[in-house]
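In order, the protein sequences belong to chains A and B. All residue numbers for the first sequence refer to the working numbering, where the first residue is 1 and numbers rise by one. All residue numbers for the second sequence refer to the working numbering, where the first residue is 1 and numbers rise by one.
Hints in this document: simulated from the structure, not taken from any laboratory. The model shown is predicted, which means the values in this text are computed figures rather than measured ones. Please note: incorrect hints may appear among the correct ones.
[To be verified] Interface residues of chain B toward chain A, partial, derived using beta-carbon atoms under 10 angstroms:
1. 5
2. 6
3. 12
4. 16
5. 21
6. 23
7. 26
8. 30
9. 31
10. 32
11. 35
12. 45
13. 50
Ideal Cβ positions, reconstructed from N, Cα and C, are used throughout, including at glycine.
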Amino acid sequence: MWKWFHKLASPPHFYRISAILAPWLLVPGLILIGYGVYFGLFVVPMDYQQGDAFRIIYVHVPSAYLSMMAYMIMAISGGIGLIWRIKLSHAVAAAAAPLGAAFTFLALCTGSIWGRPMWGTWWEWGDPRMMSELILLFLYFGYMALRSAIDETTKADKASAVLALVGIVNVVIVHFSVEWWSSLHQGQTLMRKGGPGMDAEMLYPLLANILGFTLLFGSLLLRRIRTEVLFRERRTRWVREMILSPQGGA
Amino acid sequence: MDGFAMGGYGAYVWSCFALTFVIIVFSDWRARLRQKRVYRDIEVRLKALEDRE
């Protein structure tokens, strides 16, 4: 197990494996998203309270979930890089940040658009869920700004990993904010005691979209990690051999 | 047409799905662009080194 893990953490090995793995994540991801979007938009019945506006859930929930998952990947990878000094884990953390920021932005926008007809407002500054999600977006921006402000990669890796680890507190707040404080935002729909609070007909397309978005995210992340690995290893022998070989390696 | 209007919520629903599509495509495009740039930069540098040698 450890031998396999160490082999995977080797940049040239990861570079090769990820090229094979990425399409295997992308294709099933797109199929699941196709199913989830089609059923979410055209097949499932409208909600008895929210009408057709509830269909926004099929893009809002997967993006909100990914905004937190990307952060956890970023922070845990940064932490692993700090403790065990695995070079690849810092590359994973650096690659996860822009994607996490994109999905956080998407979660905020879709939430805001959904809030307008349901709550009568685009934004509520006192709402704990909205504010903690906004802070998450700023944490991503801060992380990326910190990385680009430090020229030396090793120093940038260490400083940004510490920032990412501290920011985990905010992810916990985002997740539990609707339980801890009174919020305009509805409570947990999927991860609550007694099972999901949705009919199976509405639930399955949502689960398909969550899984599909996760696979798509995995594929996008692998592409970014490959670029990050290539950039960091640009002076190594394996990169030189790969690029100058007749087949190339892109 | 009624299906697209979504009981008056069409603008909200469709804009969310469109935005999701745009952001995912943009993220993928940016990632591909950076990958190409990094690869090309390394290639140019290595070929220059090889020519010098």
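Requested in this report: Output the numbers, in ascending order, of every earlier hint that fails for this structure.
Outcome: none
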